[in-house]
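Trainee: Residue strings, one per chain:
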Amino acid sequence: MTATDRPSEATVPERAGTGVDRPALALRDLRKTFGSAVAVDGIHLDVRRGEFLTLLGPSGSGKTTTLRMVAGFMAPTSGSIEIDGSDMTRVPPYRRDVGMVFQNYALFPHMTAADNVAFPLRMRRRPSAEIKKRVAEALELVKLGGYGDRYPRQLSGGQQQRIALARAVVFEPRLLLMDEPLGALDRKLRESLQLEIIRVSRELGATVLYVTHDQEEALVMSDRIAIFSAGRIEQLGSGEDLYDRPASLFVADFIGESNILRGRYETDGGDGGWMTRDDGRWRVGRAAAGRAELASGTAAALVVRPERIRIVDGGAGADGLNVVDATVDEVLYLGPDTKYQLALPNGQRMSVREPREANGRELQRGDQVRLGWAVEDGLLVSDPAST
Amino acid sequence: MSDSWRQPRRLLMAALGALTVFYLLAPTLVIVPMSFTEARILSFPPEGFSLQWYQRMLTDRQWSTGIANSFQVAVLTAVVATVLGTLASLGISRGRFPGRSAVNALALSPLIVPVVVIAIGMFGLFVQWKIAGSLLGLVLAHSALALPFVIVNVSTSLQTMDRNLELAAANLGADPRQSFFHVTLPIILPGVAAGAIFSFITSWDEVVVAIFMTSTRFRTLPVEMWEQVRQVVDPTVAAVSTTLLVVTTALLLLLVVVRRQAPAQ
Amino acid sequence: MATADEARRRPWPSLVGARPRFNRWSALALPAIVFLIVVFLIPLAARALRSVPDPPGAGLSNYEQFFAQRAYVNVLTNTFWIALLATLACLVIGYPYAYLMTVVPGRLAGLLLIAVLLPFWSSLLVRTFAWQVLLRDTGVINRFLLDLGLISEPLTLIRTTGGVIIGMSHILLPFMVLPMYAVMRRIDPEYGRAAANLGASPVSAFTRIFVPLSLPGVLAGSLLVFVLALGFYITPALLGGLKDQMISQLIVQQIQQRLDWGFGTAMSVLLVGITLAFLFAASRAVRLRDVFGSGLGED
Chain B
1 MTATDRPSEA
11 TVPERAGTGV
21 DRPALALRDL
31 RKTFGSAVAV
41 DGIHLDVRRG
51 EFLTLLGPSG
61 SGKTTTLRMV
71 AGFMAPTSGS
81 IEIDGSDMTR
91 VPPYRRDVGM
101 VFQNYALFPH
111 MTAADNVAFP
121 LRMRRRPSAE
131 IKKRVAEALE
141 LVKLGGYGDR
151 YPRQLSGGQQ
161 QRIALARAVV
171 FEPRLLLMDE
181 PLGALDRKLR
191 ESLQLEIIRV
201 SRELGATVLY
211 VTHDQEEALV
221 MSDRIAIFSA
231 GRIEQLGSGE
241 DLYDRPASLF
251 VADFIGESNI
261 LRGRYETDGG
271 DGGWMTRDDG
281 RWRVGRAAAG
291 RAELASGTAA
301 ALVVRPERIR
311 IVDGGAGADG
321 LNVVDATVDE
331 VLYLGPDTKY
341 QLALPNGQRM
351 SVREPREANG
361 RELQRGDQVR
371 LGWAVEDGLL
381 VSDPAST
Chain W
1001 MSDSWRQPRR
1011 LLMAALGALT
1021 VFYLLAPTLV
1031 IVPMSFTEAR
1041 ILSFPPEGFS
1051 LQWYQRMLTD
1061 RQWSTGIANS
1071 FQVAVLTAVV
1081 ATVLGTLASL
1091 GISRGRFPGR
1101 SAVNALALSP
1111 LIVPVVVIAI
1121 GMFGLFVQWK
1131 IAGSLLGLVL
1141 AHSALALPFV
1151 IVNVSTSLQT
1161 MDRNLELAAA
1171 NLGADPRQSF
1181 FHVTLPIILP
1191 GVAAGAIFSF
1201 ITSWDEVVVA
1211 IFMTSTRFRT
1221 LPVEMWEQVR
1231 QVVDPTVAAV
1241 STTLLVVTTA
1251 LLLLLVVVRR
1261 QAPAQ
Chain U
2001 MATADEARRR
2011 PWPSLVGARP
2021 RFNRWSALAL
2031 PAIVFLIVVF
2041 LIPLAARALR
2051 SVPDPPGAGL
2061 SNYEQFFAQR
2071 AYVNVLTNTF
2081 WIALLATLAC
2091 LVIGYPYAYL
2101 MTVVPGRLAG
2111 LLLIAVLLPF
2121 WSSLLVRTFA
2131 WQVLLRDTGV
2141 INRFLLDLGL
2151 ISEPLTLIRT
2161 TGGVIIGMSH
2171 ILLPFMVLPM
2181 YAVMRRIDPE
2191 YGRAAANLGA
2201 SPVSAFTRIF
2211 VPLSLPGVLA
2221 GSLLVFVLAL
2231 GFYITPALLG
2241 GLKDQMISQL
2251 IVQQIQQRLD
2261 WGFGTAMSVL
2271 LVGITLAFLF
2281 AASRAVRLRD
2291 VFGSGLGED
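Residue numbers (the working numbering), protein chains in the order written: chain B, 1 to 387; chain W, 1001 to 1265; chain U, 2001 to 2299.
Because the hints were derived from the structure by calculation, they are not lab data.
Source: prediction; values computed, not measured.
Yeah, the Cβ is synthetic: ideal placement off N, Cα and C, and Gly gets one too.
Do not take every clue at face value.
[Stated by the list, open to error] These stretches of chain U come out as covered by chain W in the derived footprint (C-beta under 8 Å, 3 or more residues): (1) 2242 to 2255; (2) 2264 to 2272.
[To be verified] Now the in silico label distances, taken between C-beta atoms and shown as ranges: (3) B:Gly366 - W:Ala1170: 39 to 45 Å; (4) W:Asn1164 - B:Glu140: 43 to 49 Å; (5) U:Arg2284 - B:Asp29: 55 to 61 Å; (6) W:Phe1180 - B:Lys188: 39 to 45 Å; (7) U:Leu2049 - W:Ala1102: 19 to 25 Å; (8) W:Leu1051 - U:Ser2061: 55 to 61 Å; (9) W:Ala1170 - U:Leu2049: 44 to 50 Å; (10) B:Val38 - W:Asn1164: 34 to 40 Å; (11) W:Asp1175 - U:Leu2049: 43 to 49 Å; (12) B:Ala230 - W:Val1075: 55 to 61 Å.
[Stated by the list, open to error] Computed far set for chain U versus chain W, every beta-carbon distance over 10 Å: (13) Gln2069; (14) Tyr2072; (15) Asn2078; (16) Tyr2097; (17) Val2116; (18) Asp2137; (19) Arg2143; (20) Leu2146; (21) Gly2149; (22) Glu2153; (23) Pro2154; (24) Thr2156; (25) Ala2182; (26) Val2218; (27) Gly2231; (28) Arg2258.
Let the hints inform the model, and build the full structure from the sequences given.
Mentor: This is the structure:
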């Protein structure tokens, strides 16, 4: 699934009076250190108006710290935060006009759902008639119209999540932040709320900065994804970009499942090149070689997705096909697909995913097979570990 | 982290905090230097330095027997209350029997009933049992007062302990008895120790029940002090006060050490 | 209706059968129960019962006598009044302090906690004696002010209601701070961030979010202090004047000096009754375990 699978409902035109080309949020060389530990190490990021951008990365990679600096809960060590073109770096959180859905919702336990949603409007001293109307609208928006009188503890996890969303959007913030908002929910609920969040943010035309460590969630929801690692953005792009054209071994490994063949890359006169190592030699396609721009002789890795590998009949590889011999270790039935865990002669593990019975035979543990993949399905990235 | 309600008026808060700490500690601590005075009356700042009032405290028969009696009562109280309280905690938090909450209320009630009422209530019957004004009577009375502290501490340890550890012990072949002595008891031991220390302190400092439960022949240190404080006060009382404070503080420090040594749960 | 959760909580080892009425652990509570019944409950109950027929044939006259005498009723009113003032003093001093404990870094919070726990566990008599030394006419405070020339004659500090309130609130302050702190430290700081994010200024966030969420602790602390203050004896006896007499003093006076056990006991029953009534009211608002657990146990 990619971002294009979003349910498209009514799209709201962008809010009037704002420049189209100016980013809704701009982070400039943002850094945050705690003593000698660097949590965020020079983040540079533009979020476009109306965009759904996700910060994705393992825990401790700096994504939540970045979000909290945008919200104003921590001051950056250096760098700046601009919202709608104005510098917000030193503005206290309550003057930033940025909505946020907290990880555990942070719904005020002593207020009803409606009072929670009304809170930001009361803080802005809106007339009570307007507050009443907008609270009702916000509750309708998250489909909890009849639940205004309930206290948070009387609501289910999913309902609390929706109230938190309503509270974060009711004052029409310039930017909506979400910090792992679905982390506490079970899988089924999470999936339905993902669609719900997309619907609401589309209806409002909101600019969303979303934090998660769940790559599937990121792929489903986002226009663009920033992959975080060790306080830096490793790659920024659409889900498709990241999956099909990872810029680094980290991204290739983090997004989706990968088979990684490490070796030495050698060019062959501009038309692509070869990955070589003791137990094999594989052709690298022109597109992949062009993107990686690696010098001949550098350590590199060839990344092949499990669903791109086929189990081919014995004999030499056909033209345009890379092959490698392997032994079947494990056969896993995943419903529509079958997944094979295999071992190369040097012990490296490979995994292959095929539609069930694609090759018309039942493989078993210990079977010797030959694996093949089209040259253009091999992705080339540099291998920082061996340099 | 800047939490919005942490920001304002830091200085005011710091000043208020310092003032409150002063209010909590200074009035009591003022006694300590006064106990070292050379003068014959209590004065502040004290004049010169002398240990004469401590010497007086230790040589005067009434004071010195008071110290010995108090110590004896407190140790025995700690033993009785800790044994009864630890068993009761296990019974209350692990047991199943009708009226468990009533038992819990009974166990904590010595904390709630005004101490004067406890004193006169016990005194009436203890006189009939002929244990009023004796070591036994006072130890029994103080044990009742100290029991809630042991139960609260040990119960907390029991509740925070992971019951799976006992299941694991059973699974590894420990019978209930072995599992208790090798797994449960070591884990709740810091709570038991805390209970024992609090019991000792409760008895060591207790005065109202002791006023009723002691006699001219058998007096504890706080009762002796109570008698003196209402009459002429010489600096010996300050020396006695300091002694009471030092023992309590030392035990509280011991408690901190016990907690530090406790295995992280 | 044994749920999975209940099954997990079932004590182990247990006797056969799905839901035994007793299990083996229960027996361990027995010695303490017997001990408390014999040493605590029976003496108090026996005493209470004797408030009626003592002297013989008195009936309820001990109670009638109490309410008939204006002086006695005044002592009761005064007891409530002093307890209330001490509670208010503790609240005013204790709330900012407990709040401070929740906002300062952990190490400092630990020191602030020790500053509360040390006096909490040191002798009440010693602390009252200290106040006596400070407050009396020739005491530390008057000497200090005289030496500075701020006053020409000693202020009357001791044997006043003010003196009693100062001493009592000093002794009771930890009972106010500890339950409040227990509640305040459980308030998720995320609520404060959420309030700020939604546009609340620090003052609004404090008054609309923090204060309401801390109220259970305020209630617990206030009731605890009030109830304990009702039974105070040593402190008003040493720091108060004749008109500051509290009911505990009256009880001791009746029994020790007048040997009027029936009347003294009747007042004790009254005192316990009032205390329990307040605690019962409190138990509907707060968990008493929270109140009595804090500071006594883990912290």
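Trainee: Confirm or reject each hint.
Mentor: Hints and how they fare:
1. 2242 to 2255: n = 4 at 8 Å, threshold three: holds.
2. 2264 to 2272: holds (count 5)
3. B:Gly366 - W:Ala1170: 39 to 45 Å: holds (42 Å)
4. W:Asn1164 - B:Glu140: 43 to 49 Å: With a Cβ separation near 46 Å, asparagine 1164 of chain W and glutamate 140 of chain B satisfy 43 to 49 Å, so the hint holds.
5. U:Arg2284 - B:Asp29: 55 to 61 Å: The hinted range 55 to 61 Å holds for arginine 2284 of chain U and aspartate 29 of chain B, with Cβ atoms some 57 Å apart.
6. W:Phe1180 - B:Lys188: 39 to 45 Å: Because 43 Å falls inside the window, the suggested range holds.
7. U:Leu2049 - W:Ala1102: 19 to 25 Å: holds (20 Å)
8. W:Leu1051 - U:Ser2061: 55 to 61 Å: holds (57 Å)
9. W:Ala1170 - U:Leu2049: 44 to 50 Å: holds (49 Å)
10. B:Val38 - W:Asn1164: 34 to 40 Å: Cβ of valine 38 of chain B to Cβ of asparagine 1164 of chain W: about 39 Å, so the range 34 to 40 Å holds.
11. W:Asp1175 - U:Leu2049: 43 to 49 Å: 48 Å Cβ-Cβ, so the 43 to 49 Å window holds.
12. B:Ala230 - W:Val1075: 55 to 61 Å: Once the Cβ atoms are compared, 59 Å apart, the range 55 to 61 Å for valine 1075 of chain W and alanine 230 of chain B holds.
13. Gln2069: With a cut-off of 10 Å, glutamine 2069 of chain U remains clear of chain W, as the shortest Cβ separation is near 20 Å.
14. Tyr2072: Nearest chain W Cβ is 16 Å from tyrosine 2072 of chain U, so the label holds.
15. Asn2078: holds (16 Å)
16. Tyr2097: violated (5 Å)
17. Val2116: Per Cβ check, valine 2116 of chain U is inside 10 Å of chain W; nearest 6 Å; violated.
18. Asp2137: holds (13 Å)
19. Arg2143: At about 7 Å from chain W, arginine 2143 of chain U fails to clear the 10 Å cut-off, so the statement is violated.
20. Leu2146: holds (13 Å)
21. Gly2149: holds (18 Å)
22. Glu2153: Glutamate 2153 of chain U is indeed farther than 10 Å from all Cβ atoms of chain W, at 19 Å.
23. Pro2154: Holds, since 14 Å exceeds 10 Å.
24. Thr2156: holds (18 Å)
25. Ala2182: holds (12 Å)
26. Val2218: holds (16 Å)
27. Gly2231: Non-interface label on glycine 2231 of chain U violated, nearest chain W Cβ at 3 Å vs cutoff 10 Å.
28. Arg2258: It holds; arginine 2258 of chain U is separated from chain W by about 13 Å at its closest Cβ, greater than 10 Å.
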